[in-house]
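> What follows is the residue order along each chain.
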Amino acid sequence: MWFYIARRINLFVFTVAVLYLLVFLMMSALPGDLATNLSGVKNPTITQTDIIVEQYKLDKSWINQYLSFINQRIHGNFGVSFSNGSPIFDEMLTLLPATIELCVYAIFIALLIGLPLGIIAAVYYKKTSDSFIIGASLVGYSMPVFWLGVIAIMYFGLDLQWLPVAGRLNLLYQVDAVTGFTLLDIYLSDIQYKNLAYHDALAHLIMPTLTLALIPATVVIRITRTSMLEELNANYIKASKARGVHPFIIIFNHALPNAIQPVLSQISLQLSTLLTSAMVTEVIFSWPGIGQWLIQATYQQDYPTISAGILICAGFVILISVATDVILIATTPQRRSAVHGSS
Amino acid sequence: MLFPLGVTLANINQNQRIAMKNWLNLILKSYFFIAVIALAGCTPNIDNNSLTPGIVYCSEGDPTSFNPQLTTNETTTDASSYQLYNRLVEYSPSLGTIVPGLAHRWFISDDATRYTFYLRKNVKFHSNDNFTPTRDFNADDVIFSINRIIDSAHSYHNISGGDYPFFQHVGFTDIINKIVKVNDYMITIHLTEKDASFIANIAANFMIIQSKEYADQLIAQDRMNELDNVPIGTGPFVYDSYFHNNHIRYKANSDYWDGTPEIEQLVFNITPKSTNRIAKLMTGDCDVSALPQSSEIDVIRKNPTLELQIQTGFNISYLGLNTERVPFNNLKVRQALAHAINKKAIIEAVYYGSATIADSILPPLSWAYNSSLKPHDYDINRAKELLTQAGFKDGFTMSLWTSPEQRIYNPNSQKTAELIQGQLSLVGIKVEIVSFGWNIFTSKLKDYQYDSVLTGWTANNDDPDNFFRPLFSCAALLSGANKVNWCDNDFDEQLNKAIEFSVQRKRVPHYLKAQQSLNQLMPLIPIAHALRFQVKNRNIGGVSLNPYGSISFAKAYRKKQKNKQQVKK
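Keeping their order, the protein sequence lines are chains A and B.
Residues in the first sequence are numbered consecutively from 1, following our numbering.
Residues in the second sequence are numbered consecutively from 344, following our numbering.
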């Protein structure tokens, strides 16, 4: 077990190192001065240049440069943004919670919708409801996020005027960003109309979250269905049935705990897709998260910001997949036989 | 959910696994329960913000600072001029005259070179975490605010760049001889010569009064940059916070000399995309929105909760001809172009009808407008005839410079340029369109390397001088603002004569003549006066549209009665 965890951590470190190497090579290949690209300081003064050269060891060999690049980034120095000159790391800290908030709620909603539907589909295997759920999930899976978001805005926002279409909260509620998570911030703030603020924040959340949740939800439905089917056909289920155990108990006590593991591992694999869709969703719904920020940076050719975005987003995905891997192994002993992590 | 499972890392035996399964079981059951409740209870409900006494304004961009003296950028003046500050005298759009501001009375001497202002007493400056005013507004603040602009040795002159574009245009430094403090509540400004447009310039959005006491404190703290970025003024709202690219928050100034605003807070929701602004307005995230695009006007008109405010703008969009270059040094060619351009088609295609055809450089609303000008009607045959007379029977090739960015006077210059290109090709003139981003465009124009240029002008006050002098005087040739590269001494003389009188009636004939000579000599072809638009929710009152730009929320309020009914619905 410990050996397995060590191997995973090893894998994590090397993947991140390769990621940093790629980003570093990209930075050197980009037009412009490497010092400017790495630090984000445009037209630096002589003292600034000296500091940058010292920080990134630009007078040494490229391996030294690469190592000090990693060193700077790990210590939170991501340079400053080309467009407004503010430290990228601070900016990211204010934006990341918005994205995480959106993703967490989306995963929650995906499980909320996906698990029950997947179970229903498996229990009523090859019945009408199964075909209906599977058909609907296929339609949902094929729906592009950007299209769905725009249609939702058109219909629920502009036609019916049920839901707000942009931002996280009506700005009349003065909620200071303490944690960056709107609902928590409202709880921590001392504004007058808290209930209204909660209401407003939730109204702002509904459309982006549902849009983002759609694809993971369909994936959850399909995986849940498959693995539930497998379990329901297992001999121990048949034995329970024969003993006359209540079907509800069979499904929830016996089959589901075994069937849920592949679903959870699938969710972690979905994370990179989720982050990509989150960026699109953020742009559509003017959600002030990391996706919108990165796309703006791409427009403005803000290289330090783009590279920081790559490092953080890719690093985040790697970290989460390694972490879920370890947790899954810890909770599923039969997987541990694959010591070398071939899957 | 996953974290407690990790506890089982160390060693797992059968019993624990069973315990774990029961635990998972419990989670899943309660989870199902929540799922049912949550899905059933998911009835969307929009909140009308009826209980939060404030107004959200969807603005189009980030202000460059909070001091309008430093810019002619309308986004900046919107965010500061009438929200945070006051002027000595104010221009009232409804009355069309100058009304008292921080000066409750003023006198102009008989020779029109001395302006005496009697200042209002008991006017309080804002306070913030760093600054609490110890005295009321007085003459020192006025002298500080004007001197900062005109005195290049002033300690604040070069803070924030040292550029005061509006004041450079109107020649403030040359026109003001000295400012004399008579007592704490009375000042006299001595001019070097007569200038009838001076009082209009004092009332302009840009001539705001800042606190000298605050400025002095910032010098002592060595935080001089904050004067323009953490603003202190006397206006109806107090600056609260600004988040770049996100929002600006203001709180009502409870000590405001002209009555505390009815709304408790004002928020500028910075939304660069026009469609997003309209969407936010429709869903209630904004109450008032800036600059809707002409193409969106129909959608807004159809929506019963929105109200579109329209105002003839004091602006002009024109095609300037470089009168020093061949073939535009030939009057006949310039006239031919005027006949060859179909202004009506441009107004329909580019402005979607939200503009009026321009015959003169002055909009018809102006008191100096010359209604007897002979318009150059759209007439291709006449244009061809004139071209033949000028010796360009087979046409010629010309360059047309423009900038693709949206301006108040022209929502889509690129499209306008393309239409002109098509229209001129009918008379045999081949047009090459050259376009640059706005900043590069304005800097490149100074070299006069173009044949023609599609640009425009937005007036800062109702004085007609504001249209002529910055654009067509010989002096403007030096500063590069004279885009038509044109200097006519008779024309200049008319302008100079006009500002010698302070009585409107006496000035009018000179402006009529000036317009007449522009119409005859055609250094430019006026195209359109764009209408100004603003959209607001019908629940909001007291926000009027100012023809010279800069929105004011001082008198804004939310109609309460109507709102309660809506909530009940």
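Rather than coming from a laboratory, the hints here were simulated on the basis of the structure.
One or more hints might be untrue.
[What the hints assert, rightly or not] Listed next, the stretches of chain B that the computed footprint assigns to chain A, with coverage defined by at least 3 CB atoms under 8 angstroms from CB atoms of chain A:
{"#": "1", "stretch": "588 to 600"}
{"#": "2", "stretch": "603 to 612"}
{"#": "3", "stretch": "618 to 626"}
Note that the coordinates shown come from a computational prediction; the quantities given were computed from them, not determined experimentally.
Don't be surprised by glycine CBs; every beta carbon is placed ideally from N, CA and C.
> Evaluate each hint against the coordinates.
Each hint tested on the structure:
no. : hint       : verdict
1   : 588 to 600 : holds (count 3)
2   : 603 to 612 : holds (count 3)
3   : 618 to 626 : holds (count 5)
Consistency note: the structure conflicts with none of the earlier hints.
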